[in-house]
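K.L.:
Protein sequences appear in the order of chains A and B. Just remember that the working numbering sits 231 ahead of the position in the first sequence, which is counted from 1. Just so it is clear: in the second sequence, position 295 is 294 by the working numbering, and no numbers are missing.
Please note: incorrect hints may appear among the correct ones.
As the list claims (entries may be wrong) - Far from chain B, by Cβ distances over 10 angstroms, these chain A residues were calculated:
| hint | residue |
| --- | --- |
| 1 | L250 |
| 2 | E251 |
| 3 | R253 |
| 4 | Q260 |
| 5 | V268 |
| 6 | D294 |
| 7 | V296 |
| 8 | T333 |
| 9 | D340 |
| 10 | E362 |
| 11 | R371 |
| 12 | E396 |
Claimed, not checked - Straight-line distance between alpha carbons at most 27 angstroms, and here's what the computed BS3-like set of lysine-lysine pairs gives:
| hint | chain 1 | residue 1 | chain 2 | residue 2 |
| --- | --- | --- | --- | --- |
| 13 | B | K19 | A | K271 |
| 14 | A | K282 | B | K169 |
| 15 | A | K271 | A | K282 |
Honestly, the hints are just simulated from the structure, not real lab data. Everything numeric in this text was worked out from a predicted model, so none of it was measured. Just so it is clear, CB atoms sit at the ideal spot from N, CA and C, and this is done for glycine as well.
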Amino acid sequence: MSDTDTVEPVRSIRAPARLEYRFTAGAAQSRFLRHLVEGKILAQRCPQCGKVYVSPRGACAADGVATREEVEVADRGTVTTFCVVNVKFAQQVLTIPYVSATILLDGADIGLMHLIQEVEADQVHMGMRVEAVWSPPEERGPTLESIRYFRPTGEPDAAYESYREYV
Amino acid sequence: MRDVAVVSFAQLPNVRSEDKRNEVEMLMPVISEAIEGSGIPRKEIGFTVSGSCDYLVGAPFSFVTGLDAVGAWPPIQESHVEMDGAWALYEAWVRLQHGDLDSALVYSFGKSSLGPLRDIMVLQLDPYCVAPLWPDSISVAALQARAWLESGHEESEMAEVAARSRRDAKANPMAQLSEERDPATLLEEPYLVSPLRRHDCPPLSDGAAAMILAAGDLAREVCERPAWISGLDHRIEAHGLGVRDLTTSPSTALAGRHAGGTDVEVAELHAPFTHQEPILREALELGPQVTVNPSGGALAANAMMVAGLTRIGEAARRIIDGSATRSLGHATSGPCLQQNLVCVMEAR
Ligand SMILES: [Zn+2]
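All chains, full assembly: derive it from the sequences and hints.
P.N.:
Here it is in structure tokens:
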């Protein structure tokens, strides 16, 4: 018998790796994040197609042009799609079930993802009108967590036609 | 083969840290400049392909966000290589050989400033027997430099490459590192990782570049002096450093032969470390009459995933501006010149 027949095969090795990175938010996103501290939601409008992007990334992905014009959008809007989270995972901070939703803020042309609270998960639906619940000013930072969550406004549902392009 | 040419090239000035702009904000001006330089309307470009590396950003699928700079609506034909943009150029050239499309946009971007680059590059090594030892990229290059010196070379040859590259870079506004130094005084400096001194290593650079290719009549229509690609080839060697002769570059030699890399006036060689330039010169059989790296090369600006495409862009630029009639651009990838691409261009 040769060695290859008798040697116990190695089935795995441990090779730990750790690399630390910095993240460059960029000019547009930095201004968006700074405005959250002031309780404002800053967006950018495309000079070609007129679409309003939030959070802005400095470019219109459809046209590939810089979006320099800044506009403020409302801190309320319409739920276009949502997901009820029923699965436990590591680092989960919220108790399940909870709802993540895409919210079309009034004046924006792209949905913003955030949490929906102060309502039972099974009551959340498309077209539901919601508003931001901000952290107190002294607790805000340049992060989307400056908005704690969105909650229903109690307004009548938005008509499907008003958000069908954004679903 | 279908006639394909480089008709436009643009690059950002290389800097140590682009800490204000994200990748999209960096790409937008450079892609626009390349497209406008070609005169081809953006929406008429047939194929788009990019080169970048998620490990540099520390985020998966980071190239997808880069697409925001392109204008991908209505949907475009698009591809990506997890490599230097030079290999994106290769894919674009192959795609144009199909014959149904006449133009392509090639772009690449890379920020070395986001993470510990010397350690990030370890992840390209053999994951079982080499990477767990974490030999950083300068140490790996130093192994090659040591082998090369012991094959009969002197450190003064390396210092001369450094001095010439940084001196030439003074005429290149896109370069990051340029200076006038006497090779003899460079040799008085301490080793960084023996036998490499600081000047033997490339700068850490953030950058981006974009290129437009056009085929046949379209190239003639949009460009007075297109840089026609007369040959393009890339070859790879074994992954294991121990099974290679690090003092030569057989993959470069083979790619050069297949690409017809003879009788060129200018060669832009992607040699991030000084000792790699003479290895590449020898593999490509470049005589003393060939001007090598007039841009300063990767020793003057080394944005990862960009520096290779930039070599080809610089070589193409010299055809387009009329200062050369036949030029060669080279790009490398992997540790110690593992994989090499040669692109030969000419005026017609
Ligand atoms: Zn637009």
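K.L.:
Are the hints correct? Go through all of them and say.
P.N.:
Now the hints, each set against the structure:
no. : hint            : result
1   : L250            : 6 angstroms, violated
2   : E251            : 7 angstroms, violated
3   : R253            : 5 angstroms, violated
4   : Q260            : 7 angstroms, violated
5   : V268            : 19 angstroms, holds
6   : D294            : 5 angstroms, violated
7   : V296            : 7 angstroms, violated
8   : T333            : 18 angstroms, holds
9   : D340            : 13 angstroms, holds
10  : E362            : 29 angstroms, holds
11  : R371            : 23 angstroms, holds
12  : E396            : 14 angstroms, holds
13  : B:K19 / A:K271  : 22 angstroms, holds
14  : A:K282 / B:K169 : 44 angstroms, violated
15  : A:K271 / A:K282 : 19 angstroms, holds
Of the hints listed earlier, those the structure fails to meet are numbers 1, 2, 3, 4, 6, 7 and 14, in rising order.
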